[in-house]
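Visitor: Spelled out from the first residue to the last, the chains are:
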Amino acid sequence: MTPAMPEASAPARLTEERWRCAHPALSIAALHAVSLFAVDPVGTGGVVIRALPGPARDGWLQCLNSLLPQGTPLRRVPLHINDERLLGGLDLAATLQAGRPVAQQGVLTLADGGIVLLAMAERLAPATAARLAAVLDTQEVALARDGLATRHATRFGVIALDEGLDDDERVAPALLDRLAFSIDLHPLIDGAGTGGEDQRALDQDLADTPIWTAADIASARALLPQVEVSEEIVSALVSTALALGVASLRAPLLALRVARASAALDGRVHVTDDDARLAAALVLAPRATQVPTPPTEPPPDDEDPPEPPQPEEAPDTPPEEPAEPPPQGDDESLQDEETPEPPPVGDLEDRVLDAAQAAIPAGLLAALMSGQDRRASAQASGRAGAVQQGQKRGRPSGARRGEPRAGARLNVIETLRAAAPWQKIRHAEVERARALDDAPPRARVAAKSSAVHPSRARVQVRRDDFHVTRFKQRSATTTLFVVDASGSSALNRLAEAKGAVELLLADCYVRRDQVAVLAFRGKGCELLLPPTRSLVRAKRSLAGLPGGGGTPLASGIDAAAALAASIARRGETPIVVLLTDGRGNVARDGSPGRARAGEDVQLAARQFRTASVRALLIDTSPQPQAAARQLAHEMGASYLPLPYAGATALSQAVALATKSVSTAPAASR
Amino acid sequence: MSVQFPFSAIVGQDEMKLAILIAAVDPSVGGVLVFGDRGTGKSTAVRALAAMLPKMRAVTGCRYHCDPEAGGSACEDCRALKLAGKPVKSHLMPVPVVDLPLGATEDRVVGALDLERALSQGVKAYEPGLLARANRGFLYIDEVNLLEDHLVDLLIDVAASGENVVEREGLSVRHPARFVLVGSGNPEEGELRPQLLDRFGLSVEVKTPTDLPSRIEVVRRRDQFERDPAGFTEKWKKEDERVRRSIVKGKSHIAEVAVPDAALERAAQLCMALGTDGLRGELTLIRAARALAALQGAAAVGDEHLKRVAPPALRHRLRRNPLDDAGSTVRVDRAVAELFGA
Numbered sequence: 001m002t003p004a005m006p007e008a009s010a011p012a013r014l015t016e017e018r019w020r021c022a023h024p025a026l027s028i029a030a031l032h033a034v035s036l037f038a039v040d041p042v043g044t045g046g047v048v049i050r051a052l053p054g055p056a057r058d059g060w061l062q063c064l065n066s067l068l069p070q071g072t073p074l075r076r077v078p079l080h081i082n083d084e085r086l087l088g089g090l091d092l093a094a095t096l097q098a099g100r101p102v103a104q105q106g107v108l109t110l111a112d113g114g115i116v117l118l119a120m121a122e123r124l125a126p127a128t129a130a131r132l133a134a135v136l137d138t139q140e141v142a143l144a145r146d147g148l149a150t151r152h153a154t155r156f157g158v159i160a161l162d163e164g165l166d167d168d169e170r171v172a173p174a175l176l177d178r179l180a181f182s183i184d185l186h187p188l189i190d191g192a193g194t195g196g197e198d199q200r201a202l203d204q205d206l207a208d209t210p211i212w213t214a215a216d217i218a219s220a221r222a223l224l225p226q227v228e229v230s231e232e233i234v235s236a237l238v239s240t241a242l243a244l245g246v247a248s249l250r251a252p253l254l255a256l257r258v259a260r261a262s263a264a265l266d267g268r269v270h271v272t273d274d275d276a277r278l279a280a281a282l283v284l285a286p287r288a289t290q291v292p293t294p295p296t297e298p299p300p301d302d303e304d305p306p307e308p309p310q311p312e313e314a315p316d317t318p319p320e321e322p323a324e325p326p327p328q329g330d331d332e333s334l335q336d337e338e339t340p341e342p343p344p345v346g347d348l349e350d351r352v353l354d355a356a357q358a359a360i361p362a363g364l365l366a367a368l369m370s371g372q373d374r375r376a377s378a379q380a381s382g383r384a385g386a387v388q389q390g391q392k393r394g395r396p397s398g399a400r401r402g403e404p405r406a407g408a409r410l411n412v413i414e415t416l417r418a419a420a421p422w423q424k425i426r427h428a429e430v431e432r433a434r435a436l437d438d439a440p441p442r443a444r445v446a447a448k449s450s451a452v453h454p455s456r457a458r459v460q461v462r463r464d465d466f467h468v469t470r471f472k473q474r475s476a477t478t479t480l481f482v483v484d485a486s487g488s489s490a491l492n493r494l495a496e497a498k499g500a501v502e503l504l505l506a507d508c509y510v511r512r513d514q515v516a517v518l519a520f521r522g523k524g525c526e527l528l529l530p531p532t533r534s535l536v537r538a539k540r541s542l543a544g545l546p547g548g549g550g551t552p553l554a555s556g557i558d559a560a561a562a563l564a565a566s567i568a569r570r571g572e573t574p575i576v577v578l579l580t581d582g583r584g585n586v587a588r589d590g591s592p593g594r595a596r597a598g599e600d601v602q603l604a605a606r607q608f609r610t611a612s613v614r615a616l617l618i619d620t621s622p623q624p625q626a627a628a629r630q631l632a633h634e635m636g637a638s639y640l641p642l643p644y645a646g647a648t649a650l651s652q653a654v655a656l657a658t659k660s661v662s663t664a665p666a667a668s669r
Numbered sequence: 001m002s003v004q005f006p007f008s009a010i011v012g013q014d015e016m017k018l019a020i021l022i023a024a025v026d027p028s029v030g031g032v033l034v035f036g037d038r039g040t041g042k043s044t045a046v047r048a049l050a051a052m053l054p055k056m057r058a059v060t061g062c063r064y065h066c067d068p069e070a071g072g073s074a075c076e077d078c079r080a081l082k083l084a085g086k087p088v089k090s091h092l093m094p095v096p097v098v099d100l101p102l103g104a105t106e107d108r109v110v111g112a113l114d115l116e117r118a119l120s121q122g123v124k125a126y127e128p129g130l131l132a133r134a135n136r137g138f139l140y141i142d143e144v145n146l147l148e149d150h151l152v153d154l155l156i157d158v159a160a161s162g163e164n165v166v167e168r169e170g171l172s173v174r175h176p177a178r179f180v181l182v183g184s185g186n187p188e189e190g191e192l193r194p195q196l197l198d199r200f201g202l203s204v205e206v207k208t209p210t211d212l213p214s215r216i217e218v219v220r221r222r223d224q225f226e227r228d229p230a231g232f233t234e235k236w237k238k239e240d241e242r243v244r245r246s247i248v249k250g251k252s253h254i255a256e257v258a259v260p261d262a263a264l265e266r267a268a269q270l271c272m273a274l275g276t277d278g279l280r281g282e283l284t285l286i287r288a289a290r291a292l293a294a295l296q297g298a299a300a301v302g303d304e305h306l307k308r309v310a311p312p313a314l315r316h317r318l319r320r321n322p323l324d325d326a327g328s329t330v331r332v333d334r335a336v337a338e339l340f341g342a
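Chains A and B, in that order, are what the protein sequence lines are.
Take 1 as the starting number for the first sequence in the numbering used here and just add one per residue.
Take 1 as the starting number for the second sequence in the numbering used here and just add one per residue.
One chain only, chain B, in its complex shape (with noise of 0.2 Å):
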């Protein structure tokens, strides 16, 4: 656990691994969904993510790292402090990335009593839970599919609002919560409700390699990452800085990225093509196309940015087809072909 698979050294994926880095350029696109075969890198890729992620700067001693330049979004004792007028100290630190184990209870998620002072002191206090050390990152649960139904809810719940309102005995918390969302899961397991589907901005099908010179790699390089983690990372480490400059370049970048009416219209027209359910659909297509242009460092969303992300942005989002049941991912790739004149 100590020393994660550097992100570059994934063979292949290509589209997971651009799905994750369009979610840590522009978080708004709304979590990452990965479904797919067993053995494809799903969970290495996510947990790899937290070392590429350029550090932010957080509130020191706010325990939900709020942003110092945030205003509204911040927690009740950072906008006190604001209010009162105080300078704010600010420190860099690592955004986090939040794995939520299997078997999690509740209130580990949302945050409880402080068992330890309660216990020996006698005190109520709040002791923040997962999300709160989510906040600002990434919270990432693995086989997503086999989470508690209540759990579900919870964080679907909280994913939309982004903030985490607790309410027990005396206790009344409510701080901000705002996390991408990351899932992943195999779906021979079983499959996910629509609705916690809609939740998520990309969606991504991830396929065991099946040529073999990719499959060697793969198994060379793990093997050789077993052997010797820190060797290997350090191998690892000019690509990993490369794609590191490029997130970083991509999020100060993504304000200047310029969306035509001419890729609105292409957005419209592809979802109406497709006949996806609500707006979210659009957005999220526009907002992911905006995210890939700033990490090419386009100055605005063409055709083929969004080209690129239609599939994990759309083929979640269509209605089943009776008379047209090709599989999402071709029946997106046919609208796409039949709009953009292939």
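Chain A on its own, in the form it takes in the complex (with noise of 0.2 Å):
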């Protein structure tokens, strides 16, 4: 990027400063993604706005409109938006007073070539986030309702504002997929403790950062077809989301379009390494998975294709799993293909990578390495209290033709849609039945039954009409802890194994979750306490727990499995959270030796996959272990490893036992 212009136009200058005023410390990450959403928001997709409603957000909106064309529609959609508003439907008012049918525009068409403002994205439905992910996927609104069939095209950038807090609380991950940019305000709200130095550079690199006009933007929009990526550009993000871990090929696509943007911004017709090192940081490492290994091995060009992602992708894919041959044979002939090229590419390819790991926050690469888990497990949670559907309470999900009976409610207004159209034929039979009262009586008597009461009525309903609403419920979860209290863990990290539960406890508190404990330490397990609301008395019984002893991990699994049997048969949703290395020594009938224990434990850990229960396995070892992860995929479970808080970390945590207890899974949060 060029410094700052030399002779940035009033209007210009005129954004920058209210733009520092209203936030200092904004970063940089958000005023690039400011004017590259703005030159292509169709093909970037969107963007994702991390941030409480405040200041920050606001600014970046409003920096967004000065830089948007005037007129751009910009249309709010709030966060329980109906299909109808959503995609368009009958107008029922106008199509009554027409006569004839009448079609009303969604949001989604309404807002074509302009903006979706999404509000509290991180608890929009899935059912919703499908839609909208259909919508810019085949960029345009397939209309299948209220006897209409249409097809509007539409193309419009979406922004996502998540005002999620913790990291359960997400935008859906479908949507998440195909919007470009991740930005995060959150830091700026409590942004003093970003302190000095940090505040300096940050400045400095603000002051280098060009801010742009509405006019360069439309410049960039104009240039946009014409810039041409080379090959080297294309090969290098790809294989940086590769290293980052990211799965989904839109990724580098996005990354790719940015690119693109940002030369077209700066009024360039070709995309440089710069630009690329820009949308690898832009996109690909708020997507990052997992750490990528340092640069050792520079020569990426061999056929071994073991990159990093197999451990991380692990809970998702069967590791067992070959991999499928048909991609291996399309590797060697595209390689055949492909052999002059490599060499220059692993070069900039390591730029771009070091560009997105820059682009990491340092402190959050332990939370970046179980990033994927820590989304499953955050899937199972949300998911969790399974959605009774056709319930009598709860929050309305839609209508369905049916009548008012068993104490489903009626819905006027599906009821009246249904009935519309038919008025003209129904006005019409209620005339013939008038005509008929002068007939004999028994005709009168066939009429009467056919319409009732068809006196002056201006809508016609009939029992066909009938809709009612349907609803959707969670029902109470049940969040059940086991915890692994024998030696080996007692003497590692039971201390912090408590600590964690605590602050999941504080989670379920905060869902209104029901809790039980269960530990297994010795020759079998005991349930603590059994499934309560009670979180202290949960808390209690922890923090009385005595570690010690062996470790019966089967019979601790079985014992879990039978509780959320049980629980499962009361109507509640069962969620296990295992804590443990998964070093089990001590097999189902109290016996010790490792491996007939071993054998129990998988055996055990494939009987609970069948119970398809959510599950989380927190490994409590002090490192990593393949076991404990073995154990997870086997149990179907969750892997997330309990940061570690360093060699250091822990002696000192060993006298402040609860305090750094406390703070440690709470750095990874």
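Keep in mind that the hints are not guaranteed to be accurate.
[What the hints assert, rightly or not] Derived SDA-like pairs: lysine to any residue, alpha-carbon spacing no greater than 20 Å straight-line:
id	chain 1	residue 1	chain 2	residue 2
1	B	K124	A	A98
2	A	K424	B	K124
3	B	K124	A	Q423
4	A	K424	B	S120
[What the hints assert, rightly or not] Derived contacts from chain A toward chain B, CB cut-off under 8 Å, selection only:
id	residue
5	R100
6	A174
7	V238
Everything labelled a hint here was simulated from the structure, so no lab data went into it.
Backbone N, C-alpha and C fix where the C-beta goes; we use that ideal spot for every residue, glycine too.
Hints are included, so try docking the two chains, each in its own frame, into the full complex.
Guide: Spelled out as structure tokens, the structure:
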């Protein structure tokens, strides 16, 4: 990027002033994102802004507004928008008035050429996210509702306002995958902590970042179609994505478009390394699920594709699954074509990778290590409390045909909507019935029964039209903590594990979940606390938990499965959180011996898996263990190594037991 | 939407492409389910299929585009026409590939009162819905696991009976609705009910390619396509044409493909070894193998065909086994290896 433009025009300076007044430390990423998104809202898909409502977010949006061409539509989508408003449908009032079907366009159609703003995007229902994703993919709204079947082309960019605080409050992955930028304005709010040196460096960076004007954006848009990308850049972006463990192929594609936008913004028709680096930092780094292995292996042109992803992907994809042969075959044939290329690529690749790596905040490395699992576990708890359909309480989730019987509630609007098309026909029938009134009495009876009170009713509603509202309700969730209190665990990190549980308990409190605690050590497993809402008791029972003895892991898993089954029978949704190092040494019958115990554990884990209970395994061993990961896989559980405080931190932790315990896991949140 | 990404330009994902081609050659295999990671070209492949299918002959003026040759399976109008002994006019039309949009309401799926005519002229007339449009073609449901339950039930019912029945206040319509159900989804969004799972003949698991060159190729082709859709499609026209020819050949050839007793026995053995429920697995396995043989121009179904189609035909029909939970694909592969001697 060029340094600040020498003679920044007046409006540009104004924007900058306003910008910097509002939030002196707005991250560079946010600044870049705003201009690049403005250049190509459709191509880049959109921006996820993770921030609470406040000046930082407002400032960002304002800045975007000043960059977009005049009159760009900006449509706000409220959280619980229904399909009819989102996609379009029959305009009931107008239809009845006009006597012909009048369609009403949905927000997504109206937003054509502009921006869709999603409020509270972290709570967006997966179904709504899927609709948005479908429209983003096909660039048209295909409507098949209320007797209408239309298609409207629409192209827009999405801004998802993510107000989530916790890791399990995230924008639906289907949507996240399609939006290029992800900026986090959270740190700025409590940004006082960033401190002097960082602050100064940031300010310097900020001064170097050119502030664009709407005119710049307009000319960049005009230039965009001509921007060329070399093969090397494409390869570099793709391999960077791979090195960062970004599985989806949309990510490098979006990065490519961002790189294009960056070049266009700079008035160039060729994408340079700088553009690629910027794109990698903006698009790929926030998606990283692993820290790339240090650039010790610069010859990436070997045939071995063992690249990093394997270990990180493990929880989802069984490791023993053979890599499918087809792509392998492709691999070879492609390599044949492209042998002359790699050497220069490797170099550029490294630089792009470095840029992406630099964009990963150092403190978050540990969190990134488990990023994938974290998200998966978040999924688990988010969806838990399995949604029960067809309830009479809960959140309305659309309507269906049916009669308001057995407590079902009539949906008046939907009923009217269903009745609307029939009005003319029914009125004609009524007229005929009236005419029959003068006819012999027998006919009159027949007419009466077919149309009750044909009288003067404006709108004729019949039984067939009735629609009832459907409700969705989440059933209560019971979180089951299964704690390994054996000697090996006590030695290692029982205290930390307890701390982690306390943090999780706080989460349960927020969600009004029930909790239960099981502990296993010595010869068997005992139920410390039957399912309860009293979190205080849970805490107490944990605090008093002694450590020591063998590890009857199999018994622990068995007991967890049994309790989970009984919870499920009560109509509640169990979630099992197992804290262990994954090394059992006491068999089911209480006899010691690692081999027998290991077999039992495997069996127990598989049996557990068939119950398909959501589970999370927290690895409490000093170093993340292959055994624990394997166990998590066997159990169908998400795997999460307890972030390690580091050797020095741990020794301090012995003294400050409780304190470091609660901060160690907190650091990763 | 106007120009679709060419089918043959999709990198890798051979199993998915094969399953779709098999369904195109022999619709009776009964639907394809594509489950897998995001951004692996699931929707792209299905939507690209429309351009690949050879045109079909349909009765002119028939709302359900009936086959002029069809007897009992034709709609009432066409049957009446035939009984009257009138000459039936027909024309060539593209095989419909109908996208079931998310948020579709029941009335648009099964068909309902013709709004326009009801409101303006006060006439009760039936307006066919998506099921009618999909007759003799494909019905594609993206994010099938997010579909409303009552719609899922309805689709299962129609797909099984091949007929759509609408009964509503003086409207009584039944029309043929024979289509290949193609569903795609992401397992993260939720599992599919076993009943629905079983309705799909073939089930494909797609994964993002993990090797660098094919990933680069995917991004490169996609980028080229977006820059110049027309030019890119033109470039792949020849390839697409080749695939289309193989479908045509397969369709005409399939009746002649012999299914020797040995192959039937193999299929039965395989299903027994895996303990699949019901006979649907065997039937699908044989049909898919026959379609594959037809695609390849083979005279008879052989072991290699069975081997290739066994995973997609069987992996979603396995019972969960507490003692062996290696993942259904692995289990099928293992059973195949044992039976066919690797």
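Visitor: Would the hint on R100(A) stand, with a C-beta cut-off of 8 Å toward chain B?
Guide: holds (5 Å)
Visitor: Below or equal to 20 Å on CA atoms is what counts here, so check K424(A) against K124(B).
Guide: holds (10 Å)
Visitor: If you draw a straight line from the CA of K124(B) to the CA of Q423(A), is it 20 Å or shorter?
Guide: Roughly 11 Å between the alpha carbons, so the hint for K124(B) and Q423(A) holds.
Visitor: Does the closest beta carbon of chain B sit nearer than 8 Å to the beta carbon of A174(A)?
Guide: holds (7 Å)
Visitor: Just to be careful: measuring from the Cβ of V238(A) to every Cβ in chain B, is the smallest value less than 8 Å?
Guide: holds (5 Å)
Visitor: For the pair supplied as a hint, K424(A) and S120(B), confirm whether the alpha-carbon distance does not exceed 20 Å.
Guide: holds (8 Å)
Visitor: For a C-alpha distance cap of 20 Å, please report whether K124(B) and A98(A) respect it.
Guide: It holds: about 18 Å lies between the C-alpha atoms, which stays within 20 Å.
Checked against the numbered hints above, the structure violates none of them.
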